[in-house]
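Visitor: All chains, please: the whole structure from these sequences, using the hints.
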Amino acid sequence: MSVQSEGAPAHRPTFAALSARDKLAKSAPFLLLPVLALVGLALIGTWPTWLTLTVSGLAMGMMIFVMASGLTLVFGLMDVINFGHGAFISVGAFVGISVLAGLGDWTGAASLALNIGAVLAAVIAAMAVTGALGWGFERVLVRPVYGAHLRQILVTVGGLIVIEQMIHVVWGPDEIFLTRPEMLKGVTLFAGAAIETYRLLAVVVGLVLFVAMRLVLRRTKIGLIVRAGVQNGEMVEALGYQLRLVFVGTFVAGSTLAGLGGVMWGLYQEVITAGMGEEMMILVFVVVIIGGLGSVEGAFIGALLVGLLQNYVAFLAPKLALVSNIGLMTAILMWRPEGMLPVVRAK
Amino acid sequence: MSEPILTLEGVETDIGRYHILSGVDLEVPRGQVTMLLGRNGVGKTTTLRSVIGHWRAKSGRILFDGQDITRMPTPAIARMGLGFVPEDMGIFSDLTVEENMTLAAASGPLSPKRRDRIFAAFPPLATFWRASAGTLSGGQKQMLSIARAMAEERRLYLIDEPTKGLAPAIVSTMAAALRELKREGASILLVEQNFAVARTLGDRAAVMEGGRIVWTGAMAELATDAKLQSRLLGLSVEGV
Chain Z
1 MSVQSEGAPA HRPTFAALSA RDKLAKSAPF LLLPVLALVG LALIGTWPTW
51 LTLTVSGLAM GMMIFVMASG LTLVFGLMDV INFGHGAFIS VGAFVGISVL
101 AGLGDWTGAA SLALNIGAVL AAVIAAMAVT GALGWGFERV LVRPVYGAHL
151 RQILVTVGGL IVIEQMIHVV WGPDEIFLTR PEMLKGVTLF AGAAIETYRL
201 LAVVVGLVLF VAMRLVLRRT KIGLIVRAGV QNGEMVEALG YQLRLVFVGT
251 FVAGSTLAGL GGVMWGLYQE VITAGMGEEM MILVFVVVII GGLGSVEGAF
301 IGALLVGLLQ NYVAFLAPKL ALVSNIGLMT AILMWRPEGM LPVVRAK
Chain C
1 MSEPILTLEG VETDIGRYHI LSGVDLEVPR GQVTMLLGRN GVGKTTTLRS
51 VIGHWRAKSG RILFDGQDIT RMPTPAIARM GLGFVPEDMG IFSDLTVEEN
101 MTLAAASGPL SPKRRDRIFA AFPPLATFWR ASAGTLSGGQ KQMLSIARAM
151 AEERRLYLID EPTKGLAPAI VSTMAAALRE LKREGASILL VEQNFAVART
201 LGDRAAVMEG GRIVWTGAMA ELATDAKLQS RLLGLSVEGV
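Taken in order, these protein sequences are the chains called Z and C. The first sequence begins at 1 in this note's numbering and counts up one residue at a time. The second sequence begins at 1 in this note's numbering and counts up one residue at a time.
No lab work stands behind these hints: they were computed from the structure. Check the hints yourself; a few may be wrong.
Claimed, not checked - Rough simulated footprint, nothing fancy, chain Z against chain C, three-plus residues with beta-carbon under 8 Å:
hint : segment
1    : 56–64
2    : 78–84
What the hints assert, rightly or not - Selected chain C positions facing chain Z (Cβ under 10 Å, derived; list incomplete):
hint : residue
3    : T7
4    : G10
5    : G53
6    : P75
7    : D88
8    : M89
9    : I91
10   : F92
11   : D94
12   : L95
13   : E99
14   : R148
15   : A151
To be verified - Each pair of labels, with its calculated beta carbon distance range:
hint : chain 1 : residue 1 : chain 2 : residue 2 : range
16   : Z       : T330      : C       : G23       : 54 to 62 Å
17   : C       : K113      : Z       : D22       : 36 to 44 Å
18   : Z       : L112      : C       : K113      : 51 to 59 Å
19   : C       : A76       : Z       : R218      : 34 to 42 Å
Each residue gets a CB set at the ideal place from its N, CA and C atoms; glycine is no exception.
Guide: This is the structure:
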């Protein structure tokens, strides 16, 4: 097994230590979160208020992340702008809430296990329906318009409108009010502040999802294929992988996550409407853009920034709350025009 | 002689409005290195891309080990045991060298034996195993690209200009690795502009001109016939 490599130069590279500036630049987006939290603490002044606002902001951010994570992957891997994503959020919420309504005995019981069981059933049903819907959506609407952005926007907005109207047909035109399961209604006292239990649950779910997605993308072969496919799909196929299947799988996964986000958001707001997904899409797009197209980490940080900022500003200067997200997007894009951690370079 | 590993019969391929291949007939024998030669723009890369299915042949037939692959999707062709090294190397630059190799071993984990063999042929890949492939030099990227093709047992290698733009020291590393592959009995279809490399590696040669094969024969014959070289390849004197 001796291979002549007479021409190969000896490689003994030395690695220069990164300068403090380079190190900082790499992790700067991650540092934005604690910086924002500290600035918030300084301006708000009182610990319990700050803690309540922070947990609330993190919870909101986590839910936005759940909705945005699928979209950023679809964006990055398939170069598809899918406005129909909002419809999956709404459908997820309606299916999930319907299941919860059907499990009234479980949600009404003062048992955490039964309550969580009911929410779990709702989530699974919502994800199954939105996953199937996403599969059909990709097949019928998106497949003919790969590579054509303008057509993607037109066709997916059309799909969004049709699905919203279908919700009106099935569930009626009115908004639906709901109450959370018994044990998720109250507050938990923590470090001197009263925090809604449901928000803690949302934070945990978001964190678990983030870690799981990172593991899948970094440690599994599917993740490798997705990351390689973002860069050079042709070569991935030449290595023997069916990129088509990976595309469809990613689209379906993104749709199921939208469904999960829809259920979580519905339970958070305690009211659902057919247009709720469409309304969320503005925040979701802001998060995907400031995070950097295709980046799950970027979307995670972006979503938490949006959530925190919105809650702080709403408390400190309520009138500014409406523009805070657009302001954040402007600031970040002036700093990093391709978003914080771009995976896909602008084409 | 046994049946060729790859046969092209009257293959025509268009790219957009451009007629690139106009009836390519080519046989790649088993266990030999076939050099695909010719001036720039005569259709060598298009021929390789038509075989792997990146560009579809409009007419004609492509047989791989006796099976018609003309209309087969690219992943299926690759899974039949075809290792492809594209002209642009096709490196996944955001992934590490290790991750590039993991992907290349499509049907299972990269065996330690193969990994060691690759390290022996291309020592820099061992050094930069966990580095991002985007940070490699041009020569190292080319090594990685060939190493990916060697990550599994392949029935045929399609290699497009492995020495393009490389320093002479790296060129001889490439040539040594390809010679090793050849010694193991691999079947290779190799596009190569560097005639000095081509004459040492090739068993057979096929010369393209204007989208078709205009000459085939033993490499030794072409290597010793300066007039033929000059006529077919525009090489002056006895080829570098």
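Visitor: Take the hints in turn and mark each one as holding or not.
Guide: For each hint, the structure was consulted:
For the segment 56–64 of chain C, the proposed coverage by chain Z is not satisfied: 0 residues have a C-beta within less than 8 Å of a C-beta in that chain, short of the threshold of three. Under a criterion of three residues with beta carbons nearer than 8 Å to beta carbons of chain Z, the stated coverage of the segment 78–84 of chain C is upheld, 3 such residues being counted. Look at C:T7: its Cβ only gets to about 20 Å from chain Z, farther than 10 Å, so that hint breaks. Hint on C:G10 is violated. Least Cβ distance to chain Z is approximately 24 Å, over the 10 Å limit.
Residue-level restraint check for C:G53 holds (minimum Cβ-Cβ distance to chain Z is 8 Å; threshold 10 Å). Checking C:P75 against chain Z by beta carbon gives a least distance of about 5 Å; that is within 10 Å, so the hint holds. Given hint, C:D88 at the interface with chain Z, holds; its Cβ is 9 Å from that chain's nearest Cβ, closer than 10 Å. Interface restraint check for C:M89: the shortest CB-CB distance to chain Z comes to about 9 Å, inside 10 Å, so the restraint holds.
A distance limit of 10 Å between C-beta atoms decides the matter here; for C:I91 the minimum to chain Z is near 8 Å, and the interface restraint holds. This hint holds: C:F92 has a C-beta 4 Å from the nearest C-beta of chain Z, less than the 10 Å allowed. Checking C:D94 against chain Z: minimum C-beta separation of about 6 Å stays under 10 Å; hint holds. Among the interface hints, the one on C:L95 holds; its C-beta lies about 6 Å from the nearest C-beta in chain Z, closer than the 10 Å criterion.
Taken as an interface hint, C:E99 checks out: its beta carbon lies about 6 Å from the nearest beta carbon of chain Z, inside 10 Å. Checking C:R148 against chain Z: minimum C-beta separation of about 7 Å stays under 10 Å; hint holds. Here the hint on C:A151 is kept, as its CB sits about 9 Å from the closest CB of chain Z, short of 10 Å. The hinted range of 54 to 62 Å is satisfied by Z:T330 and C:G23, whose Cβ atoms lie roughly 58 Å apart.
A beta carbon spacing of about 39 Å between C:K113 and Z:D22 agrees with the range 36 to 44 Å that was offered as a hint. The beta-carbon spacing between Z:L112 and C:K113, approximately 54 Å, falls within the hinted interval of 51 to 59 Å. For C:A76 and Z:R218, the hinted distance range of 34 to 42 Å is not satisfied, since their beta carbons lie about 28 Å from each other.
The earlier numbered hints that this structure contradicts are 1, 3, 4, 19.
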